[in-house]
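2 protein chains.
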Amino acid sequence: MKKKGLLFIISGPAGSGKGTIVKRVRELAEFDFSVSATTRSPRPGELEGVHYFFVGKQEFEEKIAAGEMLEYAEYVGNYYGTPKKPVEKALSAGKNMILDIDVQGALQVKEKLPEAIMVFVLPPDFATLMRRIRGRGTESPEIIDKRMQKARVELECFDQYDYIVTNRDNDVENAAQDVLAILKAETLKTFRNRDIKEHFFS
Amino acid sequence: MKKKGLLFIISGPAGSGKGTIVKRVRELAEFDFSVSATTRSPRPGELEGVHYFFVGKQEFEEKIAAGEMLEYAEYVGNYYGTPKKPVEKALSAGKNMILDIDVQGALQVKEKLPEAIMVFVLPPDFATLMRRIRGRGTESPEIIDKRMQKARVELECFDQYDYIVTNRDNDVENAAQDVLAILKAETLKTFRNRDIKEHFFS
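Sequences listed follow chains A and B, in order. Just so we're aligned, residue 0 is where the first sequence starts under numbering that gives the first Met the number 0, counting upward by one. Just so we're aligned, residue 0 is where the second sequence starts under numbering that gives the first Met the number 0, counting upward by one.
Simulated from the structure, these hints should not be mistaken for lab results. Possibly wrong hints are sitting among the right ones.
Copies of the same chain look alike in the list, so a pair counts if it works inside one copy or between any two.
[Unchecked claim] Lysine to any residue pairs mimicking SDA-like chemistry, simulated, CA-CA at most 25 Å apart:
id, residue 1, residue 2
1, Lys22, Phe125
2, Lys188, Glu29
3, Lys149, Thr189
4, Lys196, Met147
5, Lys145, Pro43
6, Lys145, Ala126
7, Lys2, Ala72
8, Lys196, Thr19
9, Lys62, Ala72
10, Lys3, Leu179
11, Lys83, Gln176
12, Lys183, Pro113
13, Lys3, Phe32
14, Lys183, Asn173
15, Lys2, Lys109
16, Lys84, Pro41
17, Lys188, Leu106
18, Lys2, Asn173
19, Lys111, Cys156
20, Lys1, Asp168
21, Lys188, Pro113
22, Lys188, Phe32
23, Lys196, Thr37
24, Lys188, Asn173
25, Lys145, Pro123
26, Lys111, Gly44
27, Lys188, Ala13
For reference, chain A alone in the conformation it holds in the complex (with noise of 0.2 Å):
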């Protein structure tokens, strides 16, 4: 029987570089992404399987009543949400897969897939949070409000989480390499060996 792969949801609030650290950690171990669904309309040169699996509101909503969605949620007007199968299918092929979803999306995949390994990225620091929650300097007060509410929601919940990513000094090398000692680490769990012992005096 072939090893089932590892899942890694990775969150973080704004300016955590978790973006940057995943799309390194890409690079550098392989790991299967995830194609979303959602119900709003494709954008020009967005390819259906690609970029979005593009589905009817209905159809969507007949996925979460069948349990078919990993995690969901509605964001002006639209679902958005990753389909389980996939994500199961390539698992059970032995590969690792990377979920780069918020807390709320995150702790969705968690109760359903309770083996997911959860990884909460860091902001360097309270500054650089807030630079990126205020923006470019455009943004209305109404909006810095509910990022840095959404920030600190997702701050609140990250004991949640199995490991925590701090991206110091933004060195997202540093913190790529510290997701690649947990999946390392993670691999040589004895739960996922048991198999090694009756082959060892085999």
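Position chain B against the provided structure of chain A, taking the given hints into account.
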């Protein structure tokens, strides 16, 4: 408050290369090591507190009774064991420690210090294990039998360990890097970093 150090316990049967791996890990990362206590007499050149703490039989037994030994065993009429106080002192001072002990001792430590991180080192393959067990071909069948039985018992216990490192192709460097990845990942575990949240908004 100083962050507590990590306690690593490394075990592995004959031929696992555990001793060499631990030596290499100590070259690459800072680990305190513990000095064992014994009731046997010092050999020429052995220094008190460096090679061993040399104690009388009665004193050793009193330490056992008082719960001051993390683990101990009797071997050819003498006690050998790991005193608890120096380990706890080093950990409280934020130092990481590594204990290279057999399975029997390791399980005693885990019971007293459940936060210990248990790493089991596997020999490259069964042939290597057997070669080491047979030694130079001069051992009696009884000794070979006894070693074989010990190796089997140790292998049976491996799922009480947190991580399995396989010394594949006798590649000590690779195995040492595995241990370092475990160290890094354990350091990043959320429960060891709860203080970050409080500091982040202050």
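Going through the hints against the structure:
no.	hint	in the structure
1	Lys22 with Phe125	within (23 Å within a copy, 40 Å between copies)
2	Lys188 with Glu29	both (19 Å within a copy, 23 Å between copies)
3	Lys149 with Thr189	between (37 Å within a copy, 20 Å between copies)
4	Lys196 with Met147	between (50 Å within a copy, 15 Å between copies)
5	Lys145 with Pro43	neither (30 Å within a copy, 73 Å between copies)
6	Lys145 with Ala126	within (17 Å within a copy, 63 Å between copies)
7	Lys2 with Ala72	neither (31 Å within a copy, 38 Å between copies)
8	Lys196 with Thr19	between (39 Å within a copy, 23 Å between copies)
9	Lys62 with Ala72	within (13 Å within a copy, 60 Å between copies)
10	Lys3 with Leu179	both (18 Å within a copy, 24 Å between copies)
11	Lys83 with Gln176	neither (28 Å within a copy, 34 Å between copies)
12	Lys183 with Pro113	both (19 Å within a copy, 23 Å between copies)
13	Lys3 with Phe32	within (16 Å within a copy, 37 Å between copies)
14	Lys183 with Asn173	both (15 Å within a copy, 12 Å between copies)
15	Lys2 with Lys109	within (20 Å within a copy, 29 Å between copies)
16	Lys84 with Pro41	within (22 Å within a copy, 65 Å between copies)
17	Lys188 with Leu106	both (23 Å within a copy, 17 Å between copies)
18	Lys2 with Asn173	between (29 Å within a copy, 21 Å between copies)
19	Lys111 with Cys156	within (18 Å within a copy, 31 Å between copies)
20	Lys1 with Asp168	between (40 Å within a copy, 22 Å between copies)
21	Lys188 with Pro113	both (16 Å within a copy, 17 Å between copies)
22	Lys188 with Phe32	both (23 Å within a copy, 24 Å between copies)
23	Lys196 with Thr37	neither (45 Å within a copy, 34 Å between copies)
24	Lys188 with Asn173	both (23 Å within a copy, 16 Å between copies)
25	Lys145 with Pro123	within (21 Å within a copy, 55 Å between copies)
26	Lys111 with Gly44	neither (33 Å within a copy, 61 Å between copies)
27	Lys188 with Ala13	between (32 Å within a copy, 21 Å between copies)
The structure does not agree with the numbered hints 5, 7, 11, 23, 26 stated previously, though it agrees with the rest.
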